[in-house]
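Asks: Keeping the supplied structure of chain A fixed, place chain B upon it in accordance with the hints.
The primary structure of each chain is shown beneath.
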Amino acid sequence: MSNVIQFLEKVGNAAQWDDVTEGKLELALAEADIEGPFRSAILNKDVAQLQVLLQQKEPVCFVIPGEEEEEEEGEEEPGEKGQLKDARCLPRVRFASRS
Amino acid sequence: MNNTPAKGSLACVGIGMTLGSHLSARTRSYIEQADVAFVLVSDGIIELWLQDMNKDVRSLQPYYQEGKSRMKTYRQMVEAMLTEVRAGKRVCGVFYGHPGVFAWVPHKAIETARSEGFSAHMEPGISSEDCLYADLGIDPGARGCQHYEASQFMLYRRCIDPSAWLILWQIGIAGDRTLKRFSTGEAHRQVLVDVLARHYPLDHEVVVYRAATLPFQSPRIECLALERLPLAEVGMADTLAIPPARPLEADDEIRSRLAALV
Numbered sequence: 033m034s035n036v037i038q039f040l041e042k043v044g045n046a047a048q049w050d051d052v053t054e055g056k057l058e059l060a061l062a063e064a065d066i067e068g069p070f071r072s073a074i075l076n077k078d079v080a081q082l083q084v085l086l087q088q089k090e091p092v093c094f095v096i097p098g099e100e101e102e103e104e105e106g107e108e109e110p111g112e113k114g115q116l117k118d119a120r121c122l123p124r125v126r127f128a129s130r131s
Numbered sequence: 018m019n020n021t022p023a024k025g026s027l028a029c030v031g032i033g034m035t036l037g038s039h040l041s042a043r044t045r046s047y048i049e050q051a052d053v054a055f056v057l058v059s060d061g062i063i064e065l066w067l068q069d070m071n072k073d074v075r076s077l078q079p080y081y082q083e084g085k086s087r088m089k090t091y092r093q094m095v096e097a098m099l100t101e102v103r104a105g106k107r108v109c110g111v112f113y114g115h116p117g118v119f120a121w122v123p124h125k126a127i128e129t130a131r132s133e134g135f136s137a138h139m140e141p142g143i144s145s146e147d148c149l150y151a152d153l154g155i156d157p158g159a160r161g162c163q164h165y166e167a168s169q170f171m172l173y174r175r176c177i178d179p180s181a182w183l184i185l186w187q188i189g190i191a192g193d194r195t196l197k198r199f200s201t202g203e204a205h206r207q208v209l210v211d212v213l214a215r216h217y218p219l220d221h222e223v224v225v226y227r228a229a230t231l232p233f234q235s236p237r238i239e240c241l242a243l244e245r246l247p248l249a250e251v252g253m254a255d256t257l258a259i260p261p262a263r264p265l266e267a268d269d270e271i272r273s274r275l276a277a278l279v
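Sequence order for the protein chains is A and B. Sequential numbering of the first sequence, starting at 33, is according to this note's numbering. Sequential numbering of the second sequence, starting at 18, is according to this note's numbering.
Looking at chain A on its own, in the form it has when it is part of the complex (with noise of 0.2 angstroms):
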C-alpha cells in the first residue's frame, strides 16, 4: 500500500506526469512495483476503485457552520451578524483607522 502512496506523490509533485504516455505510466508503475489492481485503478483515473483497494471512504469536510448556534453556556461566537467577539480575534493585525 505505502508503495502505492510513494507513487501519487511522485506523480503529484513532478510536471513531467502531465502528459506521460500510458505506456510509460504503466512501466512507471511496473518499475515502483505496484500491484495489478493498483495499477489498472491508475492507469484508468478510476478514483472510486483506487478508494475501495485502499478501504477509503469519502470524508466529511465540512469545517465551518452556515450560521453558528449558540454554545449550551451561552457563550457569543465571533462572526454571528458580522460581529467579532473581541480583539483576541485580532491578536496579530490592526486595522489602519480611516481617520
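A portion of the hints provided could be inaccurate.
[What the hints assert, rightly or not] Here are the simulated lysine-lysine pairs, DSSO-like style, with alpha carbons at most 27 angstroms apart:
id	chain 1	residue 1	chain 2	residue 2
1	B	197	A	89
2	B	197	B	85
3	A	89	B	85
4	B	106	B	24
5	A	77	A	89
6	B	72	B	106
7	A	77	A	56
8	B	89	A	89
9	A	42	B	72
10	B	106	B	89
11	B	72	A	89
12	A	56	A	42
13	A	89	A	42
[As the list claims (entries may be wrong)] Sample of chain A residues facing chain B (criterion: CB under 7 angstroms; computed from the structure):
id	residue
14	37
15	41
16	44
17	45
18	77
19	86
20	91
21	92
22	94
23	96
24	98
25	99
Rather than coming from a laboratory, the hints here were simulated on the basis of the structure. Virtual Cβ for every residue (Gly too), placed ideally from N, Cα, C.
Replies: Relative to the frame of chain A, chain B by itself:
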C-alpha cells in the same frame, strides 16, 4: 510573576488540495516535527499519505456524526488539539486547502491557544478557491469576485453584485439549519435557486466545481443552467461558481469628479 511562555504550541497548516502537488516544504516540516498531528482532509487517500509524515497522526474524522451538530463536532476538534497543547506538546493541525479559508476550526483553535498564552501560528496553503481560479480561468481582479458559504447566503439578505463572479461554498448542505446533515437535496437547492433568481435569470449558466484531490484526477467542471441546479448531483466537496450576468456599470458622477482632478 512567571513570564516564560507556555511550552505547548499549535500550528494549523494547509496542505493544499492535491496529493503531492501543493504541500510546501515549510508545512511538511511543521507536520514532521510535531509531537502530534491532527488531520482533517478531503480525501481518505491523503490521510494515508500524511500518516507517513509523523509517528502520531490522529484523524479528526471520528468526531463527525450524522445527526450530531457540526458546531459540537467543531468544538470537540478544537478541544482535542488544545488538550495536547496544554499538555506541553507541539501540536500541528493539518487541514486540506488553506486552514484559514472557510474553516472555523483552525481559527478557533489558534484564537483559544493564544488566549491561554500558547504560541500559535497559521501556515497558509493552496485553497480550493485558488484551484478554482486556475481551473476555470477566472481572474478575480477582472470583474470582482464574491464568496459566501451557501447556507449563510440563503439565511441572510446580502447585497449581491451580479456584474461580478459569485462563488458559493458548501452547496452540498445548502440551506441546512440543523447543522446535523451531511447533505441536503433538491428542495433545499430549489430554495437556493429562488434566492439566486432575485439577481440572475434562470437560464444563466453556472458551474458546479470540485478541485482534484489526487494527481491523476481531473477537477469537476460541470456547466448547467441555474434552473437545473436542484436536479444536479451535488456532493460534499462541490462549489457553485456563478459568472457575471450583467456588464460593469459606469459611475458617471465619480468619473466626472476624477476627470476634473486631472
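Asks: Using Cβ atoms only, decide whether residue 96 (chain A) comes closer than 7 angstroms to chain B, and label the hint accordingly.
Replies: holds (5 angstroms)
Asks: Between residue 89 (chain B) and residue 89 (chain A), does the CA-CA distance stay at or below 27 angstroms?
Replies: holds (23 angstroms)
Asks: Going straight from one Cα to the other, do residue 42 (chain A) and residue 72 (chain B) come out at no more than 27 angstroms?
Replies: Roughly 21 angstroms between the alpha carbons, so the hint for residue 42 (chain A) and residue 72 (chain B) holds.
Asks: Would you check whether residue 44 (chain A) satisfies its interface hint, that is, whether its CB is within less than 7 angstroms of any CB in chain B?
Replies: holds (2 angstroms)
Asks: Are the Cα positions of residue 72 (chain B) and residue 89 (chain A) separated by 27 angstroms at most?
Replies: holds (23 angstroms)
Asks: Holds or violated: the hint that residue 41 (chain A) contacts chain B, with Cβ atoms closer than 7 angstroms.
Replies: holds (4 angstroms)
Asks: Given residue 77 (chain A) as an interface hint, is the shortest Cβ-Cβ distance to chain B below 7 angstroms?
Replies: holds (5 angstroms)
Asks: Verify the interface restraint on residue 91 (chain A): the C-beta must sit less than 7 angstroms from at least one C-beta of chain B.
Replies: Holds, because the Cβ-Cβ distance from residue 91 (chain A) to chain B comes to roughly 5 angstroms (cut-off 7 angstroms).
Asks: Verify the proposed pairing of residue 56 (chain A) with residue 42 (chain A), using a straight-line Cα cut of 27 angstroms.
Replies: Distance ~14 angstroms between residue 56 (chain A) and residue 42 (chain A) Cα, so the pair holds.
Asks: Within 27 angstroms, alpha carbon to alpha carbon, are residue 89 (chain A) and residue 85 (chain B)?
Replies: With Cα atoms ~20 angstroms apart, residue 89 (chain A) and residue 85 (chain B) stay inside 27 angstroms; holds.
Asks: Hint validation: residue 98 (chain A) versus chain B, beta carbon distance must be below 7 angstroms. Holds or violated?
Replies: holds (3 angstroms)
Asks: Should the hint that residue 92 (chain A) touches chain B count as held when the rule is a Cβ pair under 7 angstroms?
Replies: At about 4 angstroms, which falls below the 7 angstroms cut-off, the nearest Cβ of chain B leaves the hint on residue 92 (chain A) intact, so it holds.
Comparing the model with each numbered hint stated earlier shows that all of them hold.
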